[in-house]
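Chain by chain, the residues run as shown.
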Amino acid sequence: MALEVPCPHCGPRPFTEFAFGGEERPVEAADAEAEFARVYLPQNAAGPRRERWFHALGCRTWFTVTRDTTTNRID
Amino acid sequence: MGALRFEGREVPVLGDDTVASALYRAGVRTFTRSLKYHRRRSLYCGTGECPNCLVTVDGVPGVRSCITPAREDMRVERAHGWPSTERDLLHVTDRLHRLMPVGFYYKTFIRPRFAWPVAERLIRRATGLGRLPEDGTRQTPTARHLRTTVLVVGAGTAGLAAAVEAARAGERVVVCDEAPIGSRLAPGRTLDRVRALEAEIRALAEVQVLDRHAALGLYEGSFVPLAAEDELVQVRAERVVVATGATESHPVFPGNDLPGIWLGRAAARMVARHGVPIGERIVVAASTAEGMEHLSALVAAGANVIAAVVPASLGTEVPDGVETIVDGKLTSAQGRKAIAAVFVETSGGTRRISCDALVLSLGLAPRDVLVRMAVDEPVEVVGDASLGDQEPHLHEDGTLCLCEDVSLHDLRQAWDEGYRSSEILKRYTTATMGPCQGAMCGRALACAARNLEDVPASPAGASPAGARTTARPPARPVPLETLAAAVHEVIEKRTSLHEVHVAAGARLGWSGAWMRPFGYGDWHAEYRAVRERVSLMDVGTLGKFLVAGRDAAALVDRMFPTRIRDLEPGRSRYLLALDEGGFVMDDGLLCALHDGAFYLTSTSGGAARMDARLREWADLLGLHVHVLDRTAELGAINVAGPLARKVLELLCEDPLDADAFPYPGHREVVVAGVPCRAIRTGFVGELAFELHHPRSRGPELWAALMREGRTFDILPHGLDALELLRLEKGHLYLGQDTMPDDTPVKLGLSWAVDAGKEWFVGKPALERVASLPPSRRLFGLEFDGGPDDIAELRGMPITVEGAVVGRVTSAERSITLDRAIGLGWIRTTGDGFPTELRAGTAAARVVPTPLYDPEGVRVRG
Amino acid sequence: MADLRVVTVLSSGAGCDRVADLPGACRVSPTEVMIVGDASVEVLERAVRLEDPDAVVIDVSDGWALVLLEGPGAREAFARLSELELPARGFVQGEVARIGARALVREGGIGLLVPAMLEAHVRERIRTDCRGLVP
Numbered sequence: 001m002a003l004e005v006p007c008p009h010c011g012p013r014p015f016t017e018f019a020f021g022g023e024e025r026p027v028e029a030a031d032a033e034a035e036f037a038r039v040y041l042p043q044n045a046a047g048p049r050r051e052r053w054f055h056a057l058g059c060r061t062w063f064t065v066t067r068d069t070t071t072n073r074i075d
Numbered sequence: 001m002g003a004l005r006f007e008g009r010e011v012p013v014l015g016d017d018t019v020a021s022a023l024y025r026a027g028v029r030t031f032t033r034s035l036k037y038h039r040r041r042s043l044y045c046g047t048g049e050c051p052n053c054l055v056t057v058d059g060v061p062g063v064r065s066c067i068t069p070a071r072e073d074m075r076v077e078r079a080h081g082w083p084s085t086e087r088d089l090l091h092v093t094d095r096l097h098r099l100m101p102v103g104f105y106y107k108t109f110i111r112p113r114f115a116w117p118v119a120e121r122l123i124r125r126a127t128g129l130g131r132l133p134e135d136g137t138r139q140t141p142t143a144r145h146l147r148t149t150v151l152v153v154g155a156g157t158a159g160l161a162a163a164v165e166a167a168r169a170g171e172r173v174v175v176c177d178e179a180p181i182g183s184r185l186a187p188g189r190t191l192d193r194v195r196a197l198e199a200e201i202r203a204l205a206e207v208q209v210l211d212r213h214a215a216l217g218l219y220e221g222s223f224v225p226l227a228a229e230d231e232l233v234q235v236r237a238e239r240v241v242v243a244t245g246a247t248e249s250h251p252v253f254p255g256n257d258l259p260g261i262w263l264g265r266a267a268a269r270m271v272a273r274h275g276v277p278i279g280e281r282i283v284v285a286a287s288t289a290e291g292m293e294h295l296s297a298l299v300a301a302g303a304n305v306i307a308a309v310v311p312a313s314l315g316t317e318v319p320d321g322v323e324t325i326v327d328g329k330l331t332s333a334q335g336r337k338a339i340a341a342v343f344v345e346t347s348g349g350t351r352r353i354s355c356d357a358l359v360l361s362l363g364l365a366p367r368d369v370l371v372r373m374a375v376d377e378p379v380e381v382v383g384d385a386s387l388g389d390q391e392p393h394l395h396e397d398g399t400l401c402l403c404e405d406v407s408l409h410d411l412r413q414a415w416d417e418g419y420r421s422s423e424i425l426k427r428y429t430t431a432t433m434g435p436c437q438g439a440m441c442g443r444a445l446a447c448a449a450r451n452l453e454d455v456p457a458s459p460a461g462a463s464p465a466g467a468r469t470t471a472r473p474p475a476r477p478v479p480l481e482t483l484a485a486a487v488h489e490v491i492e493k494r495t496s497l498h499e500v501h502v503a504a505g506a507r508l509g510w511s512g513a514w515m516r517p518f519g520y521g522d523w524h525a526e527y528r529a530v531r532e533r534v535s536l537m538d539v540g541t542l543g544k545f546l547v548a549g550r551d552a553a554a555l556v557d558r559m560f561p562t563r564i565r566d567l568e569p570g571r572s573r574y575l576l577a578l579d580e581g582g583f584v585m586d587d588g589l590l591c592a593l594h595d596g597a598f599y600l601t602s603t604s605g606g607a608a609r610m611d612a613r614l615r616e617w618a619d620l621l622g623l624h625v626h627v628l629d630r631t632a633e634l635g636a637i638n639v640a641g642p643l644a645r646k647v648l649e650l651l652c653e654d655p656l657d658a659d660a661f662p663y664p665g666h667r668e669v670v671v672a673g674v675p676c677r678a679i680r681t682g683f684v685g686e687l688a689f690e691l692h693h694p695r696s697r698g699p700e701l702w703a704a705l706m707r708e709g710r711t712f713d714i715l716p717h718g719l720d721a722l723e724l725l726r727l728e729k730g731h732l733y734l735g736q737d738t739m740p741d742d743t744p745v746k747l748g749l750s751w752a753v754d755a756g757k758e759w760f761v762g763k764p765a766l767e768r769v770a771s772l773p774p775s776r777r778l779f780g781l782e783f784d785g786g787p788d789d790i791a792e793l794r795g796m797p798i799t800v801e802g803a804v805v806g807r808v809t810s811a812e813r814s815i816t817l818d819r820a821i822g823l824g825w826i827r828t829t830g831d832g833f834p835t836e837l838r839a840g841t842a843a844a845r846v847v848p849t850p851l852y853d854p855e856g857v858r859v860r861g
Numbered sequence: 001m002a003d004l005r006v007v008t009v010l011s012s013g014a015g016c017d018r019v020a021d022l023p024g025a026c027r028v029s030p031t032e033v034m035i036v037g038d039a040s041v042e043v044l045e046r047a048v049r050l051e052d053p054d055a056v057v058i059d060v061s062d063g064w065a066l067v068l069l070e071g072p073g074a075r076e077a078f079a080r081l082s083e084l085e086l087p088a089r090g091f092v093q094g095e096v097a098r099i100g101a102r103a104l105v106r107e108g109g110i111g112l113l114v115p116a117m118l119e120a121h122v123r124e125r126i127r128t129d130c131r132g133l134v135p
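Chains as they are written, first to last, in the numbering used here: chain A, 1 to 75; chain B, 1 to 861; chain C, 1 to 135.
It is worth saying that the hints were derived from the structure and are not from the lab. Treat the hints with caution; some may be incorrect.
Here are the simulated SDA-like cross-link-like pairs (lysine to any residue), alpha carbons at most 20 Å apart as the crow flies [to be verified]:
no., chain 1, residue 1, chain 2, residue 2
1, B, Lys-757, A, Ala-32
2, B, Lys-757, B, Phe-661
3, B, Lys-757, A, Glu-35
4, B, Lys-337, B, Glu-86
5, B, Lys-757, A, Ala-30
6, B, Lys-646, B, Arg-710
Chain B residues, not near chain A, derived (Cβ > 12 Å throughout) [as the list claims (entries may be wrong)]:
no., residue
7, Thr-346
8, Arg-351
9, Glu-580
10, Val-847
Ideal Cβ positions, reconstructed from N, Cα and C, are used throughout, including at glycine.
With the sequences and hints as input, model every part of the structure.
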């Protein structure tokens, strides 16, 4: 209800309209070790990071934003 | 004006009396007892911030009598003290306070072990702020949203002026105040200005005035919930103007909580507005301009002010007839039931002045709690709320936190014990954690911590030890009912056959977010109809999706482990959905359509997630795909049983025989005039046709099938019958028989995975897991003995010689097989699994599944 | 709902652009247009497939239920159900009564298009939260 997420099609909306898709990450990895890290070990950095969001109660499209995990501000 | 009822007697209500002024006029002097030590407390702040005036009104505790208008026939009681507030035997705790130092409940009554629960109960009964009414018959408030450009919090002179300015600049404005406008002011210049601004505001269409609405907090995006008696208004503003003013500061010195000590506003209002005298010998200590106004108001109203303690700069403003004491410092107040004397230290020494009332206006504390909640929201602070921090008056001892009865001595003791910052001191002593939430004592706590640290404040700001504690919502007390007004988490989904089920006498119940029929009276009879004749089930809750576009096959091929490449139009296949960890998330059916598109079904609970994932992978893989969620648009009726085809042939001219329409497969057919996609399914283990049809035509289709089925003794079946039907086939229920980390191997579903496919979501994980030793597997089970209702074994641990090796996930007595059967997972090392098992009082053994019709002959017919 | 006609067009951005300005058209997403009201699937298909031969046009009327908020209290009733800011006229979609719904603002009222299986839920929400504001 407080945080607003900017959907590229619908504009800024309360976060309850969205599902969170995690950190942006590649679809595949070079080897088994990298694949394990890709699936189970997110960077989880403090600071701005690229994230996937889904506008579940609106246009139902996926998009990527940059959110700062320390201030919770989305560009 | 009438009277209110107070502890068995009538108390007259005059003019614009508050509950406090009416009681005070009637002679009530002790309003509450302090939380821990049961010290007498009386009216103090007059603005609804301290806890001293809390009473129970009409059964509701925690009412601030100093700001609550008195009404005829109100029932008012005091809440503290035993047996009464007036004669409180628990006052003895004040003398015992050496035995109950700060944090004593962390140190005492711990041994022997039984002592704490007993002690805790006694302690709870002795403290507390009142009893909640037993009957919750308050009307639920409504919740609404409100968007505006500017939200002004506080409708005093600064707030109203800011609102007028914004409105004249063409902005949409909402002004809120927790009280009726002007109600907290004593008659005078300020009140006149407020009234004038109010008139101006109310004439402007762009301004909404919400008085009696308290701002609870400032959240991200400048979201401010406002709580009123009967509603919760959730305001989202582009910018917020905080004009909440300032309280008079709460000085700390020994005896500072005695009845008869007032803050300036409270005293001035009681005398000048309500006309109630507060004493015969009044001493006023003032160091602010406002304080001098209060002094003048008291004198003008005829109060007998015997002395005024003021700084030299204000000495000339003291009215004639009042002794002026210049640059005096209050060092303590004395008295038993109320104040009897105050000690003032001057350059000439310490003087004892006997008095029966002490009025304090020794500074202003900006009400900045909302401001301190903001991170980088656009917040402007105007008026007294923007005053800089002023050092509160702190002596060597005295009550710092009125709400929680915490003294400076307690703070020192806690500091000595090693609790060395304001945040930790707060948590250990509970200072600032009471009803006022630090409104009166927050600054004093920070200042006391700084003094204890004995390090000069750095130029940039407060030292960490002496920082103000974090401000958190709610800024004002709010009933849970008001917050709950905005919460609606129950969402009910219904198929178009809902009324049909109700009319048939179905027992409806929750299945996830859906309201579904569990049975229609006798589920055993329904079960038998499916096994022996024909039956209908409403499966319209299933997720249903169209995946079309030029890359449809590519998406389905890569997203799912199912073999796609040889799936011809008209054929269908069991579909598993894995996540990137290789774990089973969902299952369903995949039907290949004639135009290269696909029709998928998923479990009812997984529908929304399936839609999201289809879109996600199309996006991630850059595929040109159209995904249409048809879950709402289509209903589905499963016609199941050995006679299913016979019933359908009466209503359908399309060929349904096994050659024209083999299993597994799907066909577009017309049944009773309703266009359907018929899908042959095997979930219940009988010949079955799942008819996917336009939702609006469901009742018509159901009625036609029931009508034609009558000659075959058709019955509908619900979820209770389904549980056993599928269990006899060893078919699992996701979520009941599966765990979030079940791979296809653990569930015996390797056959549903196309290992030859180069890549699909979860394949790398499955390869990695395949190289690990096996951990557990889901097996079919059979039981001997056990409870009469075998279903009670659900969830029972499976043991081997007392050691737990697994768990029963489903259990039921099979009607056809006349055995107790189930499913459960068992730890396995790969080279076999234990055979002599127990589940509760039953013996158990692993059996191959399916138990019923293992060859699947009945399904393929 | 017998009277409600809803057609969905799934196409590329350019394909959707071809029909996005037709009467009753709502741009649900960059690749989806919903047409509410009289619309011929065949006519729409022809128009869109000129741009995108891959497009899908389907009558999905059965998937939606229309719930009307009418009268002077309509906007206030909506504010009790949703945080969405309503345009003076036009289309907006988002969270209404905790579900995803579409609102069509016209003269005289607000038409809420809700997934058919949630019609009972939304009507019940209006009954409990918007008492006295709408019939």
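Hints and how they fare:
1. Proximity of Lys-757/B to Ala-32/A is assessed by CA-CA distance (about 18 Å); at most 20 Å being required, the pair is judged to hold.
2. For the proposed pair Lys-757/B and Phe-661/B, the alpha carbon gap of about 28 Å is over 20 Å, so the pair is violated.
3. The straight-line distance between the Cα atoms of Lys-757/B and Glu-35/A is roughly 18 Å, inside the 20 Å bound, and the hint therefore holds.
4. In summary, the hint linking Lys-337/B to Glu-86/B is supported, as the alpha carbons are separated by about 10 Å, within the 20 Å threshold.
5. With a C-alpha separation of about 18 Å, the suggested pair Lys-757/B and Ala-30/A falls inside the 20 Å cut-off, and the hint holds.
6. For the suggested pair Lys-646/B and Arg-710/B, the alpha carbons sit about 12 Å apart, so the restraint of at most 20 Å is met.
7. Once the 12 Å rule is applied to beta carbons, Thr-346/B is consistent with being away from chain A; the minimum gap is 52 Å.
8. Listed as a non-interface residue, Arg-351/B keeps its Cβ farther than 12 Å from every Cβ of chain A; the least gap is roughly 55 Å.
9. In this structure Glu-580/B is not separated from chain A by more than 12 Å, as the shortest Cβ-Cβ distance comes to only about 5 Å.
10. No beta-carbon of chain A comes within 12 Å of the beta-carbon of Val-847/B; the shortest separation is about 36 Å.
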